[in-house]
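J.: Each chain, letter by letter, is given below.
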Amino acid sequence: MDLAYSEEQLLFRQSLERYLGENYSFAHRRHVAAKLHGFDPEVWAGLAELGCFGVPLTTEHGGFDGRLVTTGLVMQALGRHLVVEPVLGSAVIAGRLIARVAHAAQRDELLTPLIAGTSRIAFAHDDLGTKASLKGGADGYRLTARKTAVLGGATADRLLVSALNAAGELRLAILDAGTSGVSLHPYQLLDGSWAADVLVQDVTIGSDRILGDGSDAGPAITATLDDGVVAACWEAVGAMQAAYEQTCAYVRERRQFDRPLAGFQVVQHKVAEMAVCCEEAGAAALLAALKLDSEGADRDRAVAAAKVRISHCGRFVAKEAVQLHGGMGVSEELPIATYFRKLLTFELMFGSSMEYRRRYVKTVIAARAHEMSAVLPAAERADITLPAA
Amino acid sequence: MDLAYSEEQLLFRQSLERYLGENYSFAHRRHVAAKLHGFDPEVWAGLAELGCFGVPLTTEHGGFDGRLVTTGLVMQALGRHLVVEPVLGSAVIAGRLIARVAHAAQRDELLTPLIAGTSRIAFAHDDLGTKASLKGGADGYRLTARKTAVLGGATADRLLVSALNAAGELRLAILDAGTSGVSLHPYQLLDGSWAADVLVQDVTIGSDRILGDGSDAGPAITATLDDGVVAACWEAVGAMQAAYEQTCAYVRERRQFDRPLAGFQVVQHKVAEMAVCCEEAGAAALLAALKLDSEGADRDRAVAAAKVRISHCGRFVAKEAVQLHGGMGVSEELPIATYFRKLLTFELMFGSSMEYRRRYVKTVIAARAHEMSAVLPAAERADITLPAA
Amino acid sequence: MDLILTPAQRAFRREVQTFLATHLTAEMRQGQMLTAGVYPEPDVSRPWHHALYRKGWVAPLWPVEYGGSGWTTIERFIFESECALAGAPVVYPIGVRLAAPVILAFGSEEQKRTYLPRILSGEDYWCQGFSEPGAGSDLASLQTRAVLEGDHYTINGSKIWTTHAHHANRMFALVRTANTPRKQDGISFIVIDMQSPGVEIRPIISIGGEHDINQVFFTDVRVPPSGLIGEVNAGWSYAKYLLEFERGTGLFSSRLRSGLKRIERAIDALEAADRHIRDNMDLMARLADVAIEIDVFEMLELMTLGLLEPGQRPGPTSSVLKLRASRLKQTVGELGVEILGPSALRWQDHPEDVLSVIVPDYLNSRAATIFGGASEVQLGIIAKSLAGV
Amino acid sequence: MDLILTPAQRAFRREVQTFLATHLTAEMRQGQMLTAGVYPEPDVSRPWHHALYRKGWVAPLWPVEYGGSGWTTIERFIFESECALAGAPVVYPIGVRLAAPVILAFGSEEQKRTYLPRILSGEDYWCQGFSEPGAGSDLASLQTRAVLEGDHYTINGSKIWTTHAHHANRMFALVRTANTPRKQDGISFIVIDMQSPGVEIRPIISIGGEHDINQVFFTDVRVPPSGLIGEVNAGWSYAKYLLEFERGTGLFSSRLRSGLKRIERAIDALEAADRHIRDNMDLMARLADVAIEIDVFEMLELMTLGLLEPGQRPGPTSSVLKLRASRLKQTVGELGVEILGPSALRWQDHPEDVLSVIVPDYLNSRAATIFGGASEVQLGIIAKSLAGV
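Chains as they are written, first to last, in the working numbering: chain A, 1 to 389; chain B, 1001 to 1389; chain C, 2001 to 2389; chain D, 3001 to 3389.
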């Protein structure tokens, strides 16, 4: 058991924090969100240079790390600075999905520019039950799909589109965003980042444009979306911590009734409750990432716990940060309102707490796994029995 | 619309409060609960003399009032003083059930001594699905039943036992508690009052011992249990208010760190939140009672709202009262721990908040009644239509 | 005690319903439905204001001789309930319900003749200049000064969070007219013409993305002494009167109910798009909880205000109402967002329909516990005045 | 960073499991399962204490030369987790974890030789004399005095909330030995023989109906100077050391997990009696929420304490752990009561099984946020030390 970040991880976090501190002011961020469809090429190049896009991928796949814990550190920093660029959609989700499914040549083709920052790939999956279809055979396919809320879809140059083939199995098709027959409706999300609805109307694609060796992509998609949830959890933790720290600073400075807000016991206790929430949320994100980095982990348990608990803690921190900022919290005068929307976005994305709670019931509770430690690996103890009580 | 208590109601409340203040100290209450199976004959006679047992019944039925609002005032006072005697089970539930179902001769026989305090009747209904049965016909019946949690069953002299007849309709049988074949297992409830499990083993009863004219007692039972819930709501409100008031007094008096607890802003705000809860709970109880006193009221809405909201508010008040009392709150040194158990009992009795919430969904939400005022009577407006928006 | 309407009350209700069916247009209802914030835009509220004006129903709380409608509180409750149910626009209250009571109580005859008719007719549109960048809940520390120079006051300083300043032609403001040991003693209440030279308005975008509030700058703005209400340096007591009046006369429950109704319409829209909200028992349980809170709050409001004569103030219980109403507004909004689920992620990408307004309205509702007396202030009042701690 | 056990850790875990399978009897497990409160009765905990003593595993936090087990924090975590999972009795900690660290840090060599071996062997059973009727969270205002009269101290006064005083043969107590301007400066830390003449014990019944706590009266009780730990009038700093040690070394998560496991057993018992708890999605969702909170808390505890050397103190984050653990204990208890539903209403009328212990345990858990540093105190520490406000 090793509970400390490595020196490399700490150095990496430090350099990313420094980069964002110098290059990603709140004013700049506002500009990117409002005017640039959530994408600043310079920032993207900067993040690529730091190595951010290679972090979610193992060296075997051309990446630099491959662990979700390290990916989490990237996402946490992005959350702190409210970065709107589509790192989650491209580097984490599309990147890891390609790594899981693609064959070697496709990996080289797709991941090398993705890591270098010269290509942005968006994963177009959710179709609200309209069932994207992939028809045809070895000499080519026809793809029809209506996808919604594609993260980073507004500025991606490539799309990874999931669709059902004739056998009812999921396949992933690679499409250039500019392909004729593909139309995009970009829009802003609640947190200021940009997504798109994607319409693919009977587009012909070559069989080499199907990712991988032709087996069902369903399990890889499920696993990758879980990775995405955990990455989003870290981003939320970063946002939460920043909102908390800015609130601490604000109540120390702002005076009312001849003393700093921090002089009021009620304010002190609220800030303390926020601190507790931040600690808890950090633990939840760390647990999920460490578990998903392990072999044979109970993904349901780790992901569901993180999403539910961080949603809860994030909601509390967001509300109190706004309340303690007063008018400054409910306006665009400070970043606080944006943190609020960011944390609300996190709650709504990838499914609600209620859904993850149900997932925990169906998998963890039903198997009585919740009677065992969430942290320690499952024990090899089958041969040891206790006397009945 | 009349939102003021009548002079009679206020005077009645005052005299009951005075009586309990003089005759029902916390020490006495403890003695009754621990040693007397929750029944002090002198107190019972005193309450009868004040007219408490006639309040839930109309003058037509030999009672003094018949409105749930006035009944509520009685229950509220009993709640404040943590009275363990079975007023709810006997005077409210059994009394009103008899008034609803019995024919005139039975009413005279049963209600006159009930109101006078010389007879206590317990309604034995809940059988945990074991289905009590009533077999036979005009010249006599045989009753078999296994009833649980019969309020006041520990000290009742008569039982009203519900059972299904051959046609699958509910009937109510009158039994003397001492009848051979009837066995009682008395036990204390969480709030200190006493209930009983009742076992009736193939007991023969005359046809005149069936309440009423032979029609299904089901609707009367449902309505009366709703009345019972509302009465319990008022009792909870009384307990809550007393716990709140005693907490206010305690924090004013008790000193820590060289000032009264009331000098701490966090304590002030907690007490204020308790005050808000008490106000809300009082409103919920009042609304339910007034609605049930009206013709054609939406009983589901009124009862469900009261049970859910008063449970919520009561839980908050109970917890904070204990917390603010510190060690004195988690021990039997003061009545606070007893108020806590009383309010927890209320939550658990007659079904949980979850169940009442479901009831609200099934009846109110499904009918979209929640879009209309809960307070104003349904409007006669069918012929007025608004232009479509 | 009962909730039954008298024949006169029933007739009045009928009259209101008929009036609504005749004068409330689809455009007005649509405008109110699409309002994400406290007050609709003037182009929505003005036509409705005029319709009420012609009927004599604009100002329920004014004396009849000045154009008040002469209603009892119950009638006002019925009126508000029917208006909200019908989806009528909220009458812009800053003139009618904030400025006018102060003018009526403390203004000169000439001020009454000048200002009141134009408030009543809707010709004047007021805004409120209380908060300042350095003075929020601690209002008395305000710094905007008015200096008497010859025949006029010269005003310099700034007000912030000024709702609809960009629509208003008049402002009533608190200004510092003397430096006194006790800050409260040097404040005056003054009327400023918003068209005066030296008044500048900076829009502030709210957390919900709307332009409702502003910062207003005063640079050597001239105001004639006739703009001063009451005595110089006595403004603080007028402001306290105003705030108590504001808190104590609001009927919030009907508007909370229309918030719930709006959510029902959103559910209908989602169901029409094949999102099965009504089958989701988790969401339905949440909806029931909120509806129950509103049911109970409605009764609380009625029993708190219903016994008062028009103009009579309810005392500290009004803080309970303000606190609960503001939290409930947030609860309703939060419920709406949860019901929208993934649809809530689209930021300003909806057609102009009910789905477009739920999220901004929720976000803006975070201000409800901040402005007009923050929750922390209300809790302090409740602790002191109700709980006596 | 990872959660994978090293081979040595896996071997240790295996050793603990084997030990439990060999030495933990059904009676011990049953005794712990039926414990409604913090500590089991001595007849439950003593045999287990002896088994651990023989193995050298009683005192993980003591230096090895005094009989400590020499474990790392991770090993201690594994040990606690396995013990809780197996249902082992809680080792009574007042001697081992509270008295001993103070004696080790500040006691004389003779005191160490006198007291420590008898704590380790379980021969001495200690209680803690801190709180007084007039000194709860404000501990320093204590009034019990020790006056040096010739060759002994004479003690007069009273301690309250003294857990297991009626089982203990020794007490460590804070007593006033001087009247100093700063109350803290006149306090000494002293060991009292509970068999001394003048010691009287009054049982206090807890909110859960148990006799665990007491008031202890001292009337001219003689204590030799050898009972004084460390310097006279320096007791306050020892007490602070003790409290920090107590907060910072507890591993709460494993015992919270066994609380959850106990609820699972209660569900099994209810299902066996035809109460279908596992089909109730509302209850299952509540269960999932609580299990998730415990999962996350377990990680929080591990990451807070896991990097520390044995004996090293974690600083103010320990207040986060204490706060969360105490609230979670209540949450677990409350969940248990909700699951019991109507069965929770029977007060002390269950057979001695798991259903009999859920309600008293919940009720007693209300003390968790009061004793050992109330939540309000922890929040104050967190605000000051973590948030810097």
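Note that these hints are calculated values from the structure, not bench results.
Take the hints with a grain of salt, since some may be wrong.
Claimed, not checked - Computed cross-link-like contacts, DSBU-like style, restricted to lysine-lysine with a CA-CA straight-line distance of at most 30 Å:
1. A:K362 x A:K35
2. C:K2240 x A:K319
3. C:K2261 x C:K2183
4. D:K3112 x B:K1319
5. D:K3112 x D:K3055
6. D:K3240 x C:K2384
7. A:K319 x C:K2261
8. B:K1319 x A:K319
9. C:K2240 x B:K1319
10. B:K1319 x D:K3055
11. D:K3384 x D:K3240
12. A:K319 x C:K2112
13. D:K3055 x D:K3183
14. C:K2384 x C:K2183
15. C:K2261 x B:K1362
J.: Which earlier hints can't be squared with this structure?
T.: Failing hints, ascending: 1, 3, 4, 6, 9, 10, 12 and 13.
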